[in-house]
Each structure stands twice: as structure tokens, then as C-alpha cells.
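Q: Residue-level listing of the chains:
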Amino acid sequence: MRMKKRAVAVALLTAATVALTGCATSGSTGTDAAACAPSKGKVDLTFTTWIPGMEDTVAVWNKANPDIQVKVQTGPNGNGGTYQNFFNQLKAGNAPDLGQIEYDALPNFRVQDGLTDLAACDGVLDAKSDFVDWTWGQVNFGEDKSVYAIPQDAGPMAMFYRADLFKANNIAIPTTWAEYTTAAEKIRATGGYITNFSQSDINQFAGFVWQAGGKWFKNDGDKWTVDLTDPTTTKVAAYWQDLIDRDLVSTNPPWTDEWNNAYNSGSDWTWNSAAWGANSIASGAPDTAGKWAVAQSPQWKAGDKASGNWGGSSTAVFKGSKHPYEAAKFALWLNTSAESLTMLNKSANLYPAAKSGLDLPALKEGVPFYGDQAIYDEFAIASAQVSPDFVWGPTMTQTYNDVSDGFKAAVSGKGTLDEALKVGQANTIAAMTAQSIPVNK
Amino acid sequence: MSTMIPAPAQPARGIRPAQSKTPKAPLAQRESPFARGGALIVMGVFTLYFLVPIWWLLVAASKNRSQFNTTNPLWFADFSLFENIGNLVAYRDGVYLKWMLNSALYAGGGAAIGTIIAGMCGYALAKYRFPGRELIFNVVLGGVLVPATALALPLFLIFSQISLTNTFWSVFLPSLVSPFGVYLARIYASASVPDELIEAARLDGAGEVRTFFTVSVRMMVPALVTVFLFQFVAIWNNFFLPLIMLRDETLFPVTLGLYAWNSQVNQIPVLRDYVLIGALLSIIPLIIIFLLLQRFWRNGLSAGSVK
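Protein sequences, first through last, are from chains S and F.
Just so you know, this note's numbering puts the end of the first sequence at 511, numbered straight through with nothing missing.
Just so you know, this note's numbering puts the end of the second sequence at 1071, numbered straight through with nothing missing.
Because the hints were derived from the structure by calculation, they are not lab data.
Don't take each hint at face value.
Each computed EDC-like pair below joins lysine to aspartate or glutamate, with the alpha-carbon atoms no more than 16 Å apart [to be verified]:
1) S/141 - F/1013
2) S/425 - S/196
3) S/392 - S/137
4) S/141 - F/1012
Since the model is a prediction, treat every value here as computed from it, not as a measurement.
Based on the provided sequences and hints, a complete structural model is requested.
A: Here it is, written out as C-alpha cells:
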């Protein structure tokens, strides 16, 4: 009896909630920026994040702001389930006030109308100049009068390399991708690989494309354009395809023991990665301490100064938050105050998106693992060189998965990177069409 | 899995080997070296298959981080297991212990109450005749086929309506229901609880509830233990429901907590050690509860006879 009743109740309630939330979301889209006024009395905010140590940072805020108390809720990282939870909660109407969202996931939330436009909130538009230019482009989607999140951290890319091996084998540190290929050949002759081509970190590949000046997505306000196969991307794909075909790069699956071991044993010599990657090498290849160094990414044309970006996230205020004014105030403090940025850098290695954050004392010190080089100076230079024009699409999880499937096949000799991108292109357009997102076919 | 279900026919086990021994003995003896050897090999392979990952986990958990990548993954390096456990327990004010406690509450409480409910429901379906009995039973059977994962999202939306998400109850209440338990309890009750006995209890003046708890439950112990074990393991390993329901770290069960840590390993390398050690410790309660309750299975099997 119990069982049957429950089954019926589940069915009925599910139908009811779907119907109800359907009405609710379609009826309440009129929240405009002008509504950002301070609330009266004490305000309690909830903030969902996966950044370790966030509680300690927020405790500092709570102590200084008795009227705006923030409660931290933690979970797995965004693609590990927290984004899906955000969408569920938005549907159920009980999303937290604030949430951690990576740049490449923001458009998805924007398209689903899950974000509050903070432009009218006190100080938000003025904060633009506090942040590295391109990070602001990631949160306003090119709309001058809107701000959908406050940038938190960034992943400007540079080249980690084994200084000792390059020196011992008399190989010049490559400054262009052409030199990188030459170095790869020499390194292969010694038995090593210049780097590992990642078959599943499509956002790293996107970083390469970003550096080369490619743009995967455009949004003119009405319609999206998907361009995973523009000439720039094709050029980058052909470059790596050549290295793969000639067995000049290893193709271990990233973030595995195998992959760590290739670095730890000195078989892989360089890694083109983001600022936060500094810690990944240090933990994955502990035996190589002191032997690494960081240089700017190789360029496509000698003398160019361009960098890509890999990763980075923002603090967004969700639709339905009753206190956007206070939430925005907290988000600005969290991501610009030296105190907060220092703590987050220490606890979670976040590399700040705020300009002032780049001069934190903690980011000026030499790092022993990198032979006491002040590596973050290199990343500060890289961050300033990242193009502000790269836009993420609204279905990145799907795009990543499709391209990654193709890349996995390509590294094992079935198909090419270019073909993988073509499939990714077609599937992304299909996925956007399926979600009724206007897209140019 | 099917080997764990106590077959009601088993009380007859004591007789069968005696019967089959005499006529078939020569044949059985001739076949036995191959048959036995084959069976041993199959069992050996499976044992290895199941134990190697646990062995790996034990070895990995006993290493410090620099040795983890560089030493033989299936043999010990410097033995720092206890030091690692100490670090894990101390990390972030012992949040790991809190998760273990939560898991024990969800799984222990959920399985205990769930077993009682399933036992009563199955017993009622087996012993009382009322209109719609078969229909209800078939709906329950259908429930066995619906994966709990598929219900998580609807449950979340329902719980949102009554503001119960992100509470202890949002994980505990759905854990109380076990269609498989009802199914098993019914099958077992109809086979092992004789109608005559219930009749006798009624004649002696016991009410239905008292009959159930004092007479029938004792005969259903093997089935109930099985239901309890299944339910305990299912709740302990349940990951998707807490993932969707919970946001407050202090409410997490250990599975979700370890998963959350594991998703941050790239940035906080030390978490990798904690995930490994935490995973090792988190299977210990399951092993203990299996070892303890196995005895009840065997003891209970004789409880079905009338005479």
C-alpha cells in the first residue's frame, strides 16, 4: 500500500512541480538592474563553492560585517555536480544567493536566465578597472551595461619547462611554436618527449586557440555563431596533429599516475599550462623539485606577445536572490581585497583576476620548486597579454565531451584533431538547437 | 548477489547430500579432480579480482605522497598508514569523522527502520488476503526495477516544495524505502511462517501486531538480516541522492565528502592522500557489519520448521 501511494504521489508531485516551476520562471523574467537596492536590517546570504578554505576567508568578512552574514556551503567542483545542482535549485526556486561559476560555464547560466545582472548594484560597474581587462569580458559577455558575475581567479598560460634538461642537452628554450617543434625533435632524439598532448583537457586546447587569436563562439545579441573550425583553430590543430603523427609528444591521459610519472621521471620536459598548474607539477613530480622554470608561451610569430587562458572562475549572484546589493558587495570584497585574495591564494592557489592581486607579496616570492624563480611574475605578464575577445559557448560541457571523444580517437591513430573539431562543431550546433538556443547553422 | 539470498528451501539441505551420495558416488569421485580444480580456479580468479583493488588501496594508503607515484603500487614502501590516518582525522577539524558519523546514521538508522517497514509490508502481503493485494505486490516489484538514481531529481523537487532540502531528513527519509526488501520479506514470510502458527498465536489471544513481533519476526530473521544488509550497503554507498540534496558540508555522508575532495585534487594535492585513506577507512564499517551479521543468516535458517 505504502509503495503504491508513494509512487502515485511521486508522479503527481513531479508533474505539479514541473508545471509550477515552468510558470514561475516564465513569469518572473522582469527583474531589471534597477532593482538593486540595499535591504533593511540584518541579511543572511548563502554561498556555494568548492574552493577549499573559503570558510576561513568568509569568516573574516563575517567578523567585519555583522549585518551581512555569509554562510558557505561546499560541494564537488562545478562539472562534478555542483553546476547541475545549481540548475536544479534554480528550477526549484531555492538556489543559493551566490555561487562559484567557472568562466566557461557562465554562458550556460546566462542562457538559462539563472544570473542576476549586477550592473546597477553599488560599485559594480566602477569595479571594471580593478580587474584584468579580459576577465571582465568573461563576465559581461561584451555588454557594456551588464555584469553577470565578479571575476575571481584566472589561469593565464605560460610554459613550464625542465631548465636542467634543456641546459644539459644544449637545447634552446623555444620562444615560437616553430622552435618548439625543432626542440621537440631534438628532445625525441634523446629519448624524451617535449610535452604531453592532453586528449581530454579541451579547455587547454582552447587556451592554445585563444592565444593564436581564434574565437570559438560569437553572440551578436540575437544569435550564436559556433566556429570550432575557423582557420586559426585549424592551424593549431594541424600543428599538434603533426607532433602526434611524428611521435614527438606523449599522449598519456592527463591527471593519471602515468602522466605524473612521465613528468616525475623526466620523460616529459615541458607543460603549457596555467598559473594554477604550478602546484600540479609540484605534487605530481616531487622528485624533480628545483629543476623546473617558467617562460612565456611560444608564439606563433617571433616577437608576438600573446597568451592563452586555461580555467578561472567567478562569483555570481543567482536569479531569485533577495539581496543582490549585499551579495554584490560581498563578491567585490571577496575578489578584490588583498586580505581575501591572499588567503584564497594560500588555501587554494587561486591566481587573482584583480589587478591589485597580481602584486600580492605572496605572488612576488621565489618558488623553491622552480629553482627560486619568481614564477608568478611571468604569469602576471601572461595575464596582461590574454585577448579579451574569446567567448565561451552555452553548452561547453557537451562541446568538451564531443571534442574530447574525437581527440581520444585521434591520439590512438583513428581520425585527426581536425575531424574531432568538425564533429564537435556539428554536435554543438545540434545541442544548442535542441535547447532552443538561437544559433546560426 | 543471488548467493546471499537465503533460499527458503534450504532446511532440506541436510538430507540431500545423504541421498545423492550412494548412487552417484563413483561418478562424482571420477569427476571431482577436474570439477573441483575448475571451481577452485574460478573462485581463485574472482577472489583475486575482488581483493586486488582493496590490496592496492591498503598499500596506497600506507604510503606518503612522494612514494605514491614512484614505488611499486602493489607493495609497501615506508609504512606510514597511522601517520596518514592521524593527518586525515586532523584535517579541517575532523570533518572526515563527522562524515563517517553521518554515514553511520543514514545507513544504520535508515536500514533499521527500512527493514522493519519492509518486513511488515512483506508479511502483510504474504499473510493477509485483501482486495488489490497482487496489484500492490506487482507495483512493488515494479519499484525494484526503478533505479534509485532516477528518483533523486523528482525527490529533490518535492523536498524543495516543503523546504526540506539540505537537511538530515532529505537523505534519511528516502532511504527508508526498499521495494526489494518488501519483495524478499513477502517471499520469505509465505514460505517460512506457517499459517498454523499464526492461527495458534491468535487462539492464544495475541493481537496481530504482537503476533508479528513475537512470533513471525523470529522466523523471518534471515530474510530481515538480508534486507538490513542490502539496505545498509545501499544507503552507505548511495551517492547521487546526497549529491543533489545536500549543500552543507556537515551533513555529507562519507561518499559525497570523499568525492568532493577528489574533485579538488588538482589544486590541493594533499587531498589525494586523504581520499585514499578515507576510502580505505570507509569500507571498514561495511566489512564489520557483514562479518557480524553473517552468523544470523545461518542461525536463522533452521527457524522455519513447524514440528
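Q: Decide, hint by hint, whether the structure agrees.
A: Status of the hints after comparison with the structure:
1. S/141 - F/1013: holds (11 Å)
2. S/425 - S/196: holds (14 Å)
3. S/392 - S/137: Holds, at roughly 15 Å.
4. S/141 - F/1012: holds (9 Å)
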